[in-house]
Amino acid sequence: MPRATECGVDVESIKAYVDSFRVGAPPHGGCGVGLERVVMLYCGLNNIRKTAMFPRDPKRLEP
11 MPRATECGVD
21 VESIKAYVDS
31 FRVGAPPHGG
41 CGVGLERVVM
51 LYCGLNNIRK
61 TAMFPRDPKR
71 LEP
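Heads up, my numbering is the position in the sequence shown plus 10, with the first residue counted as 1.
Since the hints were derived computationally from the structure, they do not count as laboratory data.
It is possible that part of the hints are untrue.
Stated by the list, open to error - Using C-beta positions, here's what the derived DEER-type ranges look like:
| no. | residue 1 | residue 2 | range |
| --- | --- | --- | --- |
| 1 | C53 | K25 | 42 to 50 Å |
| 2 | R47 | C17 | 25 to 33 Å |
| 3 | R59 | E22 | 38 to 46 Å |
| 4 | P12 | G42 | 40 to 48 Å |
Ideal Cβ placement from N, Cα and C applies to all residues, glycine included.
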């Protein structure tokens, strides 16, 4: 919240929103469409890691 105050945001107006993330993200209908997903669909690939220059997984966290 200090960052919001520095940027001139009224903290009280976003308090309920910020507090909702204290126990985890609420259910939502989000959609993760990034460049890698578009390339995967366009090229007909079966794995998104084939489209990323530096794919990451639990065993590889750095390029």
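Results for each hint:
In this structure, C53 and K25 meet the distance hint of 42 to 50 Å, their C-beta atoms being roughly 45 Å apart. A beta carbon spacing of about 31 Å between R47 and C17 agrees with the range 25 to 33 Å that was offered as a hint. The hinted window of 38 to 46 Å between R59 and E22 holds, with their beta carbons roughly 43 Å apart. Range check, P12 to G42: about 29 Å between beta-carbon atoms, so the 40 to 48 Å window is missed.
The structure does not agree with numbered hint 4 stated previously, though it agrees with all others.
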